[in-house]
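Quick note, the sequences are listed as chains A and B, same order. Mapping the first sequence onto my numbering, position 108 (from 1) lands on 108, and the numbers just tick up by one. Mapping the second sequence onto my numbering, position 69 (from 1) lands on 69, and the numbers just tick up by one.
Bear in mind the hints are in silico, worked out from the structure with no lab data behind them. Model, not experiment: these values are computed from the prediction. Even glycine gets a Cβ: it sits at the ideal position worked out from N, Cα and C. Each hint should be verified, as a subset may be incorrect.
As the list claims (entries may be wrong) - Computed from the model, here is a short list of chain A residues facing chain B with C-beta under 7 angstroms:
(1) Gly20
(2) Leu38
(3) Val41
(4) Leu44
(5) Ala63
(6) Asp66
(7) Gly67
(8) Gln68
(9) Ala80
(10) Leu86
(11) Val90
(12) Met91
To be verified - Covered stretches of chain B (in silico footprint by chain A; criterion: 3 or more residues with CB under 8 angstroms from a CB of chain A, positions within the stretch not fixed):
(13) 127-139
(14) 152-161
As a plain string of letters, each chain reads:
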Amino acid sequence: MPINYYIFLAVALFCIGVAGVLTRRNAIIIFMCVELMLNAVNLLLVAFSKMHLHDLASANPAAGIDGQLFVFFIMVVAAAEVSVGLAIIVMMYRNTHSTDVNFLNRLKH
Amino acid sequence: MNAIILSAIWGIVMMFSGVFVSGKRTIRTIAILGLLLLFLANCLDLGGGFRVHIDVHRMLYFDTFGLLANSVIFGSTLVFVMLSGRDMENVGINLAEYFALIFFVLCGVALVTTFNTLLMLFLGIEIISIPLYILTGSDKRNLKGNEASLKYFLMGAFSTGLMLLGIAFLYGASQNGSLFIDEMAIGKAPISPLFISGLLLLLVSMSFKVSAAPFHFWTPDVYDGAPTVFTSFMATIVKSALFIGFIRLFDEGFGRVHDRWQLFVAIITAATLFIGNLTAVFQQSVKRMLAYSSIAQAGFMLMAILSINGIARDGIILYITAYSAATIGIFAVLIRMKDYTFEGFSGLAKHHPVLAATTTIFLLSLAGIPLTAGFFAKYYMLAAVVSTGKYLWLVIFAVLCAAISVYYYFRLIQAMYFKEGDRQELDEGPGFRILLILLAAVIVVLGIAPHLVTDPVHSLIYLW
């Protein structure tokens, strides 16, 4: 399958994530949309990794391994971000009893 | 390598010291000791006395530029903790954990200043960001702090997403399937659209991280809402490190195709200078004014990225030194004030002459008045842009914006010296005063002899 299909799919997923971040008002849903963006990137990296392996396998049997490694790092970092992010949202909820980001406008005097 | 290992280990040491050590004074001493060791270890790395050798497969590249930037950043962290370490006790009860997070941030800093692959850039930036989200929200009962933390977190995660998409595009566009920044633009006759879109996404996400306009909107809110001690840390140390990473990426990675992106950076620079300076004029709170001033100063630092050349590399080291020293000094005084508005500073010169005099020197340096380090820092940036031969309009525009900045910096000096105010009890010990005077002395010395910082960039051999 040509690489273009994968690029279109990943970019479409990514754009859904961006649209969600920009339009949704609930902090948890915004957070889920960020995760969607990260997973779109993971998909793209794996597709590119396979593409590089296909192109370069004769010269270098380990070609394209970098992309797959990168995906693992993204997963780990995303997990670390989730733990911190959910803690922040819980802290916010304890104080305001809401996860609505419209509360955030209070900072702008 | 020394700095990366030591900062990670000392972060864990600080975490355990929170369990086993009860005295706050002791915890602070351990942190200062750790920072001293970190600074010395990095200097040994720089001078070649002692280096831990680990085969990193070219993923990190320890050149003089990165290591020198490390030294400056660790040095300013040391000054920051010595000046403001006591104020961290007022934020919450977890003093040791705050220090642990600061050491983890420094580990990320050491990665960002010496990365050679996009993977290390990503990891470094995340290792910097995640502890910062926690530090921003460390005052758990303060609603403003909560909001700042949530906002910072959502914006940070969003810009990380953009950065990752950019990295994925660059990975797809690279011909040998590698993520090394020095191999990215080699041997391509036609530059693919994939490469350009990856480059632009990285530019946007890095602009987000260093709060360049039009991606700056989170900065004033986050800097204003965070506990003032950590605002000082974020606005100086972290911003300096991100700029070093930014210039490294665009110099070594995209330097060969600079005609493709220079115009974008020029526009971002102009917008940052304009918005930062103009909005700072209208602020009533000194803390918020400093947040906008940090955006304005970022505009000047972006000029180093616009004109990637030798002068820019010297200049950015000098700039982060001058900017960090001055901003840490002002924040150290601001943290102890009861009232953060300009009126709160009224009459400070009469009752606390040392604080007012040193703050004046810091403000003059930020405004770029001659005989302070800030003057030469700005001079190097402008000279770097002039030497590219293009973008002279940007130089003129930057000088005009610097003139605007004089207004809001001098407004604070005017409040301190020419307005009457009540005496306020400030917690200023002799040690605090001596440190402030030393910091001001460093700024004046660098204003007379800037080569003290910039010379090592040339004189030391390239390592590794």
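Holds or violated: is the Cβ of Gly20 (chain A) closer than 7 angstroms to a Cβ in chain B? violated (10 angstroms)
With a cut-off of 7 angstroms on the beta carbons, see whether Leu86 (chain A) makes it to chain B. violated (10 angstroms)
Is the coverage entry for the region 152-161 of chain B by chain A consistent with the three-residue Cβ rule at 8 angstroms? Since 6 is at least three, the answer is holds.
Would the stated hint for Val41 (chain A) survive a check requiring a Cβ distance to chain B of less than 7 angstroms? At about 4 angstroms, which falls below the 7 angstroms cut-off, the nearest Cβ of chain B leaves the hint on Val41 (chain A) intact, so it holds.
Asp66 (chain A) was flagged as interface toward chain B. Is the shortest Cβ-Cβ separation under 7 angstroms? holds (5 angstroms)
Given a cut of 7 angstroms on the nearest C-beta pair, is the interface hint for Gly67 (chain A) held or broken against chain B? Where the cut-off is 7 angstroms and the nearest Cβ of chain B is about 6 angstroms from Gly67 (chain A), the hint holds.
Does the CB of Leu38 (chain A) sit less than 7 angstroms away from some CB of chain B? holds (6 angstroms)
Going by Cβ atoms only, is Met91 (chain A) closer than 7 angstroms to chain B? holds (6 angstroms)
Chain A over the region 127-139 of chain B, status - at least 3 residues with CB closer than 8 angstroms: It holds: at least three residues are needed, and the region 127-139 of chain B offers 4 whose Cβ sits within less than 8 angstroms of chain A.
Please verify that hint: Gln68 (chain A), Cβ, nearest Cβ of chain B, below 7 angstroms or not. Interface hint status for Gln68 (chain A): violated (11 angstroms vs cutoff 7 angstroms).
The hint names Val90 (chain A) as touching chain B; please verify it with the least Cβ-Cβ distance against 7 angstroms. Check failed: Cβ of Val90 (chain A) comes no nearer than 10 angstroms to chain B, outside 7 angstroms.
When the least beta-carbon distance from Ala63 (chain A) to chain B is tested against 7 angstroms, hint result: Ala63 (chain A) check passes; min Cβ-Cβ to chain B is 5 angstroms, inside 7 angstroms.
The structure shown violates the earlier hints numbered 1, 8, 10 and 11.
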